[in-house]
Each structure stands twice: as structure tokens, then as C-alpha cells.
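*Asks:* The residues making up each chain are set out below.
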Amino acid sequence: MQDKDREKGFKDWFLDNWTNKPIFSTGIALVVMIILQTWSLGFDYDSLGSWFLTWINNWINILRNNAGVGLIALGMSFVIMSAGIDLSVGSTLVAVGASLMMLIDRGPNGILINLGIEGIPAIFIAVILSLAIGYFLGNLNGLLITRGGIPPFVVTLATMKFYRSVTQHFMQGYNPRVPMQFLGISNFQIGSFRVMPVIYWLLIAGVLYFVSKRTTFGRQIIAVGSNERSANLSGVNVKKVKRRVYAITGLLVSFAAIIQVSRIGSMDYANAGSGYEMEAIAAAVVGGTSMSGGRGTVIGTILGVLIIAVMNNLLNLLGVPPFLREAFKGLILIGAVLMQKKQKSV
Amino acid sequence: MKIEMKNISRAFGAIQALKDVDFSVQGGEVCALIGENGAGKSTLMNILGGVLPADQGEILIDGEKVEFNSPAESLNSGIAFIHQELNLINDLPIYENMFIGRELKNKRGFLDLEKMESKTREVFEKMQIKLDPKTMVRDLDTSYKQIVEISRAIMMDASIIIMDEPTTSLTDQEIERVFSMMETLKKHDVGIVFISHKLSEVMEFCDRYTVLRNGETVAEGLVEEVTVDQLAYSMVGHEVRTESLQRETEFGEEVLRVENLTFENNFKDISFSAHKGEILGVTGLLGDGRRELFEAIFGSGQIESGEIYLKGEKIRVRNTTDALQKGIGYLPRDRKENGIIKDMNIFENASIVTWPIFDNWGVIDLERQEKEFEQQVKDLQIKMDQKNDPINSLSGGNQQKIVLAKWLIASPELFILDNPTQGVDVGAKEDIYDIILELAAEDIAVIILSSEAKEIIRICDRSLVMYHGIIQGELKGDSMTEHEIMRLATGAQTNSRQEGS
Chain A
135 MQDKDREKGF KDWFLDNWTN KPIFSTGIAL VVMIILQTWS LGFDYDSLGS WFLTWINNWI
195 NILRNNAGVG LIALGMSFVI MSAGIDLSVG STLVAVGASL MMLIDRGPNG ILINLGIEGI
255 PAIFIAVILS LAIGYFLGNL NGLLITRGGI PPFVVTLATM KFYRSVTQHF MQGYNPRVPM
315 QFLGISNFQI GSFRVMPVIY WLLIAGVLYF VSKRTTFGRQ IIAVGSNERS ANLSGVNVKK
375 VKRRVYAITG LLVSFAAIIQ VSRIGSMDYA NAGSGYEMEA IAAAVVGGTS MSGGRGTVIG
435 TILGVLIIAV MNNLLNLLGV PPFLREAFKG LILIGAVLMQ KKQKSV
Chain B
1053 MKIEMKNISR AFGAIQALKD VDFSVQGGEV CALIGENGAG KSTLMNILGG VLPADQGEIL
1113 IDGEKVEFNS PAESLNSGIA FIHQELNLIN DLPIYENMFI GRELKNKRGF LDLEKMESKT
1173 REVFEKMQIK LDPKTMVRDL DTSYKQIVEI SRAIMMDASI IIMDEPTTSL TDQEIERVFS
1233 MMETLKKHDV GIVFISHKLS EVMEFCDRYT VLRNGETVAE GLVEEVTVDQ LAYSMVGHEV
1293 RTESLQRETE FGEEVLRVEN LTFENNFKDI SFSAHKGEIL GVTGLLGDGR RELFEAIFGS
1353 GQIESGEIYL KGEKIRVRNT TDALQKGIGY LPRDRKENGI IKDMNIFENA SIVTWPIFDN
1413 WGVIDLERQE KEFEQQVKDL QIKMDQKNDP INSLSGGNQQ KIVLAKWLIA SPELFILDNP
1473 TQGVDVGAKE DIYDIILELA AEDIAVIILS SEAKEIIRIC DRSLVMYHGI IQGELKGDSM
1533 TEHEIMRLAT GAQTNSRQEG S
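Chains as they are written, first to last, in the working numbering: chain A, 135 to 480; chain B, 1053 to 1553.
Derived by calculation from the structure, the hints in this document are not laboratory data. A few of these clues could be false.
[As the list claims (entries may be wrong)] A few chain A residues that face chain B, going by a derived Cβ cut-off under 8 Å, partial list only:
no. : residue
1   : Asn243
2   : Arg348
3   : Thr349
4   : Arg353
5   : Asn366
6   : Leu367
7   : Arg429
[As the list claims (entries may be wrong)] Computed footprint of chain A on chain B; a stretch qualifies when at least three of its residues, placed anywhere within it, have a C-beta under 8 Å from a C-beta of chain A:
no. : stretch
8   : 1384 to 1391
9   : 1405 to 1418
Don't be surprised by glycine CBs; every beta carbon is placed ideally from N, CA and C.
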């Protein structure tokens, strides 16, 4: 044993990290996928410059398309770390999106315009109010779970039904007109790149990384998820921590809703965000979050989102029929969990 | 049946857990396997139970060499291992638990519930256990779960039963029950390996003993030929104190006063007070309600009526965070379930309580936490490698010290400790007693909940004995004897007052 430790080469270093650090193995999986993706992008361009531009554009597309789900996955990983689950994220997205559109509508029914608020102030107020609405809806989930003592799965299944159905009912036959300025939130270009959603995602991820590593609240999430009784008997306000986890997820869903509405200027209330809860759970799990709580990281979740996104892109480039793509997602999910299980038992 | 283990060695990485250990046990005898945590007792028994393979050595059953590659093989040879973590399914009734994996079926292939139930009843009658086989295991307390598991081993015709610290979480009364059960087992010619820290139980009940220290056999022989002190000496390698640590002092002002506290049938009309610098003991048998009472005072349980006064001021403790802010600390029993958080490292486990106290706008004050942590590691003599190691890498005693440390950093004015020495070895136990005495010397009001009368007598200045949710009596000074505690705990009225006057 001791001899082996002494002559620790690259192989041992690699194996050690591979078996002990989920982020390392997830990262390696991502790198492999990026190599495959780069390879399948082909090299038959006029120059290296134009190839590189295509590569970059492809990447910005991937990231921008996944910024929304990426934000939701971050919230979801917090929820799962606290040993909970939130199925209502997709419906919350629609509810917040609808409220946002009603606020900024330039037509005769627009709320803010009827109050005489227009232009940049209107956008600013609408954004703040939609964040508040998302936080409130998430907080409602949290209250029902902690005060009502109802299991998170049941509460969020119920609100998932409720939020979308109510939104659809009140929004039927109502076609809001979104002001052009508002679209700038997502479509503002830096150079020739439309990267704003990606920037929002990474900025917020940075904040959440800090929250999860260095704040009382962030560490208490792990404590609550790992051993609720121990946490309670250590003076942690378990109910408050749980409630805030759902509220923050609601807040992150609002960011996703704002990005989504400002990207295309409309929303399909029946289908937008549907299935996002599963996408977010998948990303969190692939990134090493434990479904039984107590384990998970922000970086892992980002890697999880990227792995699934890059794989989608890869399957697309390879011309795999669309209906089959979901199957690959399923395979990745099982593969990731099997790998993590092996790591745990070592 | 006679089992011999010869020249057993086993290493975990660089650590030699067992070196050339011999051990034997035969039908009809109780052999004690004693040693501090980490001495190698569990490793040795895991090898016998087929959980771990040995690196070297052999196992003989009645002189014939055997090899166990799995717990099932060991069980088939008649060796049953009752682990500390009980192996029962909470959501099934007792009788189904008795037959897990070997369910009885009727001719049509369905479960024969009636037969399983009646068989269970038979075993319970034989063992004189008053339990309804239809009770859900969830509704049993740890001691009864233990008894169910022992009964299961008996029903499987085990000839040798290994019990890993069976009395750790039991009250004195329950321990008596388990012992009388073991007595019956002996009569049925069953051999018992009794792994324990509690030397008094070894003296009282065992026939032979083997002491392990650092993976080696340091002493063995007949129990009747040794004294507790000799055994303790072999275990620890140095002298152990056994005298009472009670101090004759006047105590400071009142810190906690409780008046007529009641919650349903858990505790009724409880009134008492605790003072600065005093160590107040609260004891009783299982179901006495002391844990419920003090969890309620700590804000983790409910209160129906009655008042709590902290330093003369009437308070209402809404939750544990509230209790923490008011200066109440609580060291729970069952460290694994209530004390530690296994997904967090040593340092985090030691600082969880004070995160919200020291943080700046929600950001953890790492610098201060590290400083406080290092101070506690030094003060409590916590043995560890890296502070980022998993909490499970520490021995039981050191884990308990970490749980203590997290509260000490918060410097509570009132510190409630429930079974503070549960599952720790003799050496660490003494350390913890020293720490508690030091806390009292620093004018903290300390309340110790314990089911061990000896522990109460040893460290407490005054004690309350509870019986079925009421305070049956208060003892101090010379009247605090094991006999008197037991009398009150079993429901007898106090008579010490008459004797005193």
C-alpha cells in the first residue's frame, strides 16, 4: 500500500480524482462530449477563422438555449440538496411569464401603461414585480410544505397543476404586445454575439456558488438535507431554511421567465416550461446531487446542464432522429447515477 | 458448539486493526469482549460474522476449520450477529420481522401470517417477553427492538449469539430484562459473545473475558478472578477513577425555572429549577418522559401548559433557533441520528451551531470559526487528522466531543446533555466528565439526562428522578444512592425526607 502511494503517477492521480470527486468525473465526461461535438462539427471550412466562428456561434446557441433551464436547475439542485423536490417550476415559469406580459403589454389591457408608466421605468418595475411574484409562488410552496406538513412532491405536484391551469384560463384570447425595448434584455448584442442570457446565468450561478459555500443559509441547506433531526437539534431553523429554498427556486424561475419572454416576445402558456422540472432534476442528478439530500454542488449542476445540452447538440449534429434523443438523455441519467453510486461505495 | 478463532490478523490500509488475536466461545457461556473504541472488537466479530474476511488466521467450529464469505454462511453455521444498528423493518409488525427473508408460506404460496404470528408468540413465551407480535416495529423503542432481534436469532436456532454493545441505549430496567433473557439463553446452551464498554455488566453477568487494546489481546481469563479496576486498567492501559465527583459548593443564582409544565401524557405538572454552576441530574426508566420534557424546553417539542423562566424572565421557546439565541444548549442522545451530520466534515459539524451567531450578513465568519474550533480541539483533546475529513473518520468518543464542541463554541448559559457518554469508551467518558465539571466551574447551569444511575451519582450535585412523566423525587448528597434512585424510578414514594429529619 505505502509503496503505491510513493510512486503516484498520473494514472493514480487520475483514478483517485475519478473515484473520489464527482465533479472531476462529470467534468471529464463533459470534455469527452465537447471533443466529440467539435469533431462532428466537421473541419471543411475556408479558413480556421470561419471554422472557429462557427464553433463559437454553435456554443453561444447551446448556452443561450439552456440559460433558462440552467437557472431553474440551480434552484432545483438546492431543493434536492435539502431533501425536497419542486415539480412546479415549469408552471411557475408560465405564471410569472404571463404576469410579466400583462404588466408590460402595450395594448389596451396593459397594466402599467394604464397606470401611465411607460418605457424603461415600466420595464424596470415589471422585472422587479415578476421577480417578486416568482418568489411569492415559491414561498407558497415552501409554506405549504413546512407549515402544512405536506410532502414536497405532493405540494408541488398540486401547484404545478394549479399555476398553469389558472394562467391558461385567464390568458385565453389575450395577446399582449411586448415593447421592443423589453426584448433588449435578452437580445442586446455584445460585439456580434447575443450572449446576455448566458451572462445572466453565469452571474447568478456565481452568486449561488458563494451562497452555497460560504453562507450560513447555504451550509444549513446541506445540514437539513443530510439529517433534518440533527440540524434541528443544532439550532437550525429547519422550516425557515426549507421555505427559503423553495422561494429562491421561485425567484430563479422568474429570471428564467424574464429571459424567455424577452427572447421571443411571447409565450405559449400551454407548453412553455413544460417538462422543465424533469430537465432540471436530470441536470442536478447528472451533476452529482443526491436525491436523498445532503449532497450536491453548484458547479456540478452547471456541468450537468452542459452535459445534457452538449449531448443534445451532438445528437443533432449527428443527425439522430429527434424522437430518439430523449432516450439518450435517459441513458446519460442512468449512467451518471451508476457512476456516482460506484464512487460512494469505494 | 465451540468456536475458536486462531491467530486472526486484519489490516485496513496502513492500520493494523487486529494482530494475531485468539478468541473462543462455547455453548452455555457468556464471553465478554471488551476494549476501547477502535480496539478491534467489532473487526474481530465482523470476521466471525462473515462480514469481513481475515487477512490471516483461521476459524474452527468444534475443531473443524470453516470459512465464512458472507453473513449468511456464518448464520447457517449457527452464529448470529446482533449489530448495534438494529436490522428491523419499521413498517412491518414484529412477527413479519421475525421471518424476514425466510417467510413461512402456506400450500397456495401465500404468506402464512397466522403461523408466523403463533411461532413468534411461542418464542416470546419461552423467553418471557411481554410483547404483542402484532405490534408495529415502528412503535417499539430501541430496547424492545433489541429484544425482538435477539428473539429472532433464537428462533433461527443460533448456537452462538454475538451482541455488539446491546445495552448502550437501554435503561437499567431494560438491561435487566435483556440479562434475564440471556440467562435463559445460557440454560438453552447458547453461547454469547458480549461486546461492551460497561464493566459492571461484565462483572455481573459474564463468565469469561477477553480484553483487546490496539488490535491485540492484552488480557483474558475468568471474570470471577478479576476486579473492575483490573479490567479497566487493561482496557485503558492506565488507572481509571471511579469515585464520585460531587462537589460541596453553594450554587449561584437561578438560571432556569420551570413551573407546572405539561404536555399530554409525556410530562405532567413539572416544576424544578437549575442554578449557575450546578450539575443537575435527571434520571428514570424508559418512558419517564425526560427526553420529551427537555426537548420541549429546548423548543423542539410541544408544551400544553406551564411556564418557563430563564434568569427570572418568563420566556416562550418557539423553536431550537430561538433556544440557541436565548442561551440554551442541547446535546441530544443517539449521536448518529441526532448529533452528527454525516455529509459534512469535522469542522462543519463543529461549527454548525454558531454559523448564524458569528456570521456577517449571512456570510460565515470562517476566520473566527477556525479560531474557535482550534481552541476546542485543544481544550477537549480531540484526536483527529485533518479538519476537512469526514466526521465518520473519528472514533465515537471524538465524534461526541465534536458535538460537545459545537455547543461550547456557542457558550450557552444553560446546557442540557442527554446521555453524554453514550457509546464512548472509558477514556473518553472520563474526558467528558472532566469537561462537564469544568463547564459547571465556569458557572454554566448543566443538566444531565441519563439512564445510568452510576453516572448520575458520579457527576451530579442533585438529581430529579422521573417516573411516567412526573418528578417522583429529588435526591442530593448522601441520599443519592443507586438503590434510592431505582426505588423512585420504579414508582416508589420518596422517604428520604423522613430519614433526613
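*Asks:* Taking a Cβ-Cβ distance under 8 Å as contact, does the stretch 1405 to 1418 of chain B have three or more residues in contact with chain A?
*Replies:* With 8 residues closer than 8 Å to chain A, the stretch 1405 to 1418 of chain B meets the three-residue bar; holds.
*Asks:* Checking hints one by one. Is A/Leu367 an interface residue toward chain B, by the C-beta closer than 8 Å rule?
*Replies:* This interface hint holds because 5 Å falls under the 8 Å limit.
*Asks:* Verify the coverage statement for the stretch 1384 to 1391 of chain B against chain A, using a C-beta to C-beta distance below 8 Å and requiring 3 or more qualifying residues.
*Replies:* The restraint on the stretch 1384 to 1391 of chain B holds, since 4 of its residues have a Cβ under 8 Å from chain A and three suffice.
*Asks:* So, as I understand it, the hint says A/Asn243 touches chain B; can you test that by seeing if any CB pair is closer than 8 Å?
*Replies:* violated, 41 Å
*Asks:* Under the criterion of a CB-CB separation shorter than 8 Å, is A/Asn366 in contact with chain B as hinted?
*Replies:* Where the cut-off is 8 Å and the nearest Cβ of chain B is about 5 Å from A/Asn366, the hint holds.
*Asks:* So, as I understand it, the hint says A/Arg429 touches chain B; can you test that by seeing if any CB pair is closer than 8 Å?
*Replies:* holds, 6 Å
*Asks:* Against chain B, with CB atoms and a cut of 8 Å, does the hint on A/Arg348 hold up?
*Replies:* holds, 6 Å
*Asks:* Just to be careful: measuring from the Cβ of A/Arg353 to every Cβ in chain B, is the smallest value less than 8 Å?
*Replies:* Hint holds; A/Arg353 Cβ to chain B Cβ min 6 Å, cut 8 Å.
*Asks:* Go through the hint on A/Thr349 and say holds or violated, using the shortest Cβ distance to chain B against 8 Å.
*Replies:* Because about 5 Å separates A/Thr349 from the closest Cβ in chain B, which is inside the 8 Å limit, the hint holds.
The structure is inconsistent with hint 1 alone, although it conforms to all the rest.
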